[in-house]
Amino acid sequence: MSLDKKDVEAIARLARLEINPDQIEETASQLSSILEFVDQMNAVDTTGVEPIAHPLDLVARTREDVVTETNQREHFQAIAPKTQDGLYLVPKVIE
Amino acid sequence: MHNKTLAELSTALQDKEFSSEELTRHYLDRIQQHDPSINSFITVTEDLAIAQAQAADQQIASGNAGTLTGIPLAQKDIFCTNGVKTSCASLMLDNFIAPYDATVVEKINDAGMVMLGKTNMDEFAMGSTTESSYYGDAKNPWDLERVPGGSSGGSAAAVAAQLTPVATGTDTGGSIRQPAALCGITGIKPTYGTVSRYGMIAFASSLDQGGPMTRTAEDAAMMLNVMTGFDEKDATSIERDSEDYTRSLNNKLDGLTIGLPKEYFSDDLDSDIANVIDTAIKEVEKLGASIKEISLPNTRLSIPAYYVIAPAECSSNLSRMDGVRFGYRCEDPKDLYDLYARSRGEAFGEEVKRRIMIGTYALSAGYYDAYYLKAQQIRRLISDDFKKAFLDVDVIMGPTSPSTAFKFGELSEDNDPVSMYLADIYTISVNLAGLPGMSIPAGLVKGLPVGLQLIGNYFQEAKLLNIAHQFQQATDHHQQTPDSFQEGK
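From first to last, the protein sequence lines are chains Z and E.
Quick note: the first sequence uses my numbering, first residue 1, plus one each step.
Quick note: the second sequence uses my numbering, first residue 1, plus one each step.
These aren't lab readings, by the way, just hints derived from the structure by calculation.
Bear in mind the structure is a predicted one, so any value in this text is a computation, not a measurement.
One or more hints might be untrue.
[Said to hold, decoys possible] If you want a taste of the chain E side facing chain Z, the calculated C-beta under 8 Å gives, among others:
id, residue
1, Gly193
2, Ser315
3, Met357
[As the list claims (entries may be wrong)] Each computed DSS-like pair below joins lysine-lysine, with the alpha-carbon atoms no more than 30 Å apart:
id, chain 1, residue 1, chain 2, residue 2
4, Z, Lys5, E, Lys334
5, E, Lys353, E, Lys334
6, Z, Lys82, E, Lys353
[As the list claims (entries may be wrong)] Which stretches of chain E does chain Z cover? Using the computed rule of at least three CB atoms under 8 Å from a CB of chain Z, they are:
id, stretch
7, 96–107
8, 241–250
9, 339–347
10, 364–373
11, 378–385
12, 417–430
Glycine included, each C-beta is placed from N, C-alpha and C at the ideal position.
Next comes chain E alone, as it looks inside the complex (with noise of 0.2 Å):
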């Protein structure tokens, strides 16, 4: 069961090849099998995910059920969940039942999908790796010493030992992107504004975008198709028609440009990866597009501004963790200062920490001009770049990580936190400009997966699915699976 698509699995269910609850008791006994090597779940919701599941099977027997109806999916730990634990991976939000669903949870449960859990991720999605996550760290299912990426790594492990066949992600800086290269998955952020942030805890506001994490990009275009629209409760929600991002699966390639920054391939870039995405460029320009060499002069300044953005929009968002409410509270406060303070204190981490600590300072009176506000017209500069080279190109690609999966404590040893921030070169400016980017499988380097990216102008997800999709079928990286995983049925 689990090596089918979505669409397969929907034909599955409707033609009665096994229902709902038995397709959802397999998954949850893959999640009991194999779950405790990999920890890619925070909570695994059992009773509900049958009950969910029976529901499904009654109405896929009444004929009223959608193309996803009965079929499981995890979410990320990000998205609240009503009567659900909703920990962002922290001790802050331990203790945090989510009392209403974010606008994507309403929608995916709308349509009929079964929840079986939520998956770890780095502490409030602040890192690339998920050894931040207070539940420990999810590991990679293709080398257990290695980390599965990050923030949405718990998702990304799970999609790729087939524990769920669908999770859903964010990203703020590379957050579904990274992982799903490291794992081995397909993943795609929309366009800003595409996919309502309502009830996804807060990280940096004017980044932060929700996504699906699947197998295929076909899966990803039928997930996308229920978690986009505009949503009233989101400030910067888009106001623009639904549509189907599926329709152009199968068009051709023929007339496609493709545009190779020139700054994604430079010397930095491992020859091995390199090596594994030139093959995969080839393969497209098979499929009948043609190639450009293109610039974005502006990459290299596009951490610096995203470690002002971010930190000073997290300093912000974070402000309402502070004891009173909901979430953690230390014990015996002896005013109200100690209580914020110790709470916060307390049960935060320190990466989380340290970011509150660079946006608050970057935020401060007399330094806002210096960092946030010429980080702003960085971003514009970014932006720009990406303007200019889409008037030529229809789609940028390049490696979505500058290395395979590495291992637990190689970047965060030296204690120097920057040196993890430069893993996320090539998916930041991405989150800075607003534009929509993807990652597939491209192949392997050492038994390690290599992610393509491919990059679209505003709105452009639909032609991104279809290349990603004409790739999937001409070749068979996505189906390639981490070996000890293969166990039951």
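One chain only, chain Z, in its complex shape (with noise of 0.2 Å):
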């Protein structure tokens, strides 16, 4: 699988990342060549096996739907960018 400057431009976006436009060339090949790599899988055939999620295929563990924890919002708020009121601040959304 090959990509092109257009690709990693989308690849990008949905992944939240800025890259420098005068990187976009490189990084595209190098994508491309753990691609190319990665597509040795597609040498085996796989119909009917079962995907591994869990090494030892435990099953989702439940608890009782009660409160565990306590309320540390100023303790965990101390260190973020910014904050007001208990709020976490980013630019306006919606105007």
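Each of the two chains sits in its own frame; use the hints to bring them together as a complex.
Laid out in structure tokens, this is it:
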């Protein structure tokens, strides 16, 4: 699988990553080389093979729906880039 | 002091031969003296260490000490440490003071151990050289022009240079075992789900597993006793009775069958390394084991499958680094998209960005079956290879790494990320199957350490440690240390 500049721009947008415009070409070639390498998987027929999600095939554990944590909002927000009145601040989303 | 094992340090502390504070200051002095040449620490927590050592000394004086009380250690900078910078070697978390302790850190603190600092690593544990650290390369103490391996390269270098008796590591595709091999120390990655992942900054959640990096198998067993155990806060933690990993260290190896996968001894393996591994295996045979050739036919598929699964999971995990709640935020974002994209674009390094993009692509609409699902199916084939092999053998052995420590830039200079990925050919399949794996020093080639890998069936850590301990009783490879770090008591 080979990616071009447009593919890389689309992926970077999905991943919310700004890529320097003069690095897009190089990125495309590096990502293509990884994908070509990964394509070796296609040499094997995996029809009917059950995929693994957990190595020991564990089922998800459940617990009672009760509060187990204490509120530590101020403690956690102390390391935030920008907060006000207990809220995280980001640039205006709705005009 | 720094030539003692954990058991010897423990006895010396209980017998008041020296105090924890003296021992801690000794290691802090060694770090100050030697770390500038190997850059194995990102943060040295001197004041905290002294305070913890003084508390440990009081515990020892009052007779309430545990086996490891007062013994110093270093934490890989991927484990959250309350009130202490936890950077994951990334600009993204350069300003991140963790607001809580990882379960591993909590357990180690409860055991009364003393944290010397946080060790260097590849950024977000993505790499095999420690070259992707935002804080500069860590160096291999055996040769400062060579890599210590990665991603737990700082931990391995610090233990090898005896700047700490033990360090923690994490292993997603070989990140404990490969640096242990390249730096000539002992490292074990337990069965997936044995060590809690809570507070261990996630890279690829279905593969990540923490473990100890030490100088001996006995040390590793003592550390596993502290680090393992069921944790409600980790959704994939395994509920099982705790065990004493030191219980069978002294068992004889009579009747043990070692499997040698022919795929691990192909012509691609460097002949000098093959000789060292052969000699080590003959030594284990002398201790009573017999050998049997086995096959793990899907080994070569492990790297392609890994480079879908790990990036896919990392692209999801690292989406939490968005410049909103913690970590790096770009200057003057013009809108929310700009805030996300520029914060992430500016603060992540090249390898991290590549893996996020590969993962994003593999998980994007229309590609899931061709990549992620296919890789998870191959993962089943790899796991089945091991299941079949363990019907006939007790343990699998082979090299940990296809080469000894290489020079900086050697694998990255041709600008092809894939060449570095191939360095993990013998370790990755163990993570895909979730099995325990271990690397121990087996000898030197041209003055550089070679690691012998031991792979066990699920929950067979004690058996691996038993074999490794018996090997270390009969040989002295694990006692060899790089010359230039012997200065200082």
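Next item on the list: Of all the hints given earlier, name the ones this structure violates by number, lowest first.
Entry: Structure breaks hint 8 only.
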